[in-house]
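> Fit chain B to the known structure of chain A by using the hints.
Given next are the chains, with one letter for each unit.
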Amino acid sequence: TQLLEQSPQFLSIQEGENLTVYCNSSSVFSSLQWYRQEPGEGPVLLVTVVTGGEVKKLKRLTFQFGDARKDSSLHITAAQPGDTGLYLCAGGRGYQKVTFGTGTKLQVIP
Amino acid sequence: DAGVTQSPTHLIKTRGQQVTLRCSPISGHKSVSWYQQVLGQGPQFIFQYYEKEERGRGNFPDRFSARQFPNYSSELNVNALLLGDSALYLCASSLLNQGTQYFGPGTRLLVL
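Protein chains in written order, with this note's numbering: chain A, 1 to 110; chain B, 1001 to 1112.
Keep in mind that the hints were calculated from the coordinates and are not lab data. One should not assume that every hint holds.
Unchecked claim - Only pairs whose alpha carbons sit at most 30 Å apart, straight line, appear in this in silico DSS-like list of lysine-lysine:
no.	chain 1	residue 1	chain 2	residue 2
1	B	1052	A	105
2	B	1030	B	1052
3	A	70	A	56
4	A	56	B	1030
5	B	1013	B	1052
6	A	59	A	70
Okay, chain A solo, but in the shape it has when bound (with noise of 0.2 Å):
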């Protein structure tokens, strides 16, 4: 069973401040997704990494595939209250049957 582990699970933080999650695994993926959920929603893609040693940015997110494809890291610059959500990580291995991360709850306080 491959499995990602997300940390840290949960982060309280003012709003500003700089952030790191981290989402490592013992197995490679040939792709690995970022998705942002809010509550009672679906979960939103933010990005998609396939080549190790990646780096994507999106606005004020980084996000870094290792070079080994192993993890991966969301780093948060300037955090907004709307970063506000539950962050996922997803590991592809060819097909659809993706494992998801255990998630990181991020609370970004105004």
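Below, chain B without anything else, positioned relative to chain A:
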């Protein structure tokens, strides 16, 4: 364009009953996957269907079944409901067998 739609949005059932959840993929998408998300956890893969055939199955009992119709919509059926089946059931569609998945808002099932 409409995104992935699911119905119903909420459902309350009692133990032992059966439930059917429905999903309409994004227009043109041929793959539908189903996930179960228990409160506080990440989604767990249940099924994937592509071109009306089952292409993947997660670690769920036979009480869970699904099918995909010629218009690519899908139904998830759960028989003999248990309290532990209470969860948010998510449907995701993608254009092909592989590729980016887009999630619907989910159906929240409560089993009493």
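> For each hint, tell me whether it holds in the structure or not.
Hints, verified against the model:
1. For the suggested pair residue 1052 (chain B) and residue 105 (chain A), the alpha carbons sit about 36 Å apart, so the restraint of at most 30 Å is broken.
2. Our distance criterion of 30 Å between C-alpha atoms is met by residue 1030 (chain B) and residue 1052 (chain B), whose separation comes to about 8 Å.
3. Taking the CA atoms of residue 70 (chain A) and residue 56 (chain A), the gap is about 17 Å. The hint holds against a cut of 30 Å.
4. For the given pair, residue 56 (chain A) sits about 28 Å from residue 1030 (chain B) by alpha-carbon distance, which is consistent with the 30 Å threshold.
5. At most 30 Å may separate the alpha-carbon atoms for a hinted pair to count; residue 1013 (chain B) and residue 1052 (chain B) meet this at roughly 28 Å.
6. For the hint pairing residue 59 (chain A) with residue 70 (chain A), the CA-to-CA distance comes to about 25 Å; that is within 30 Å, so the pair holds.
Checked against the numbered hints given earlier, this structure breaks only hint 1.
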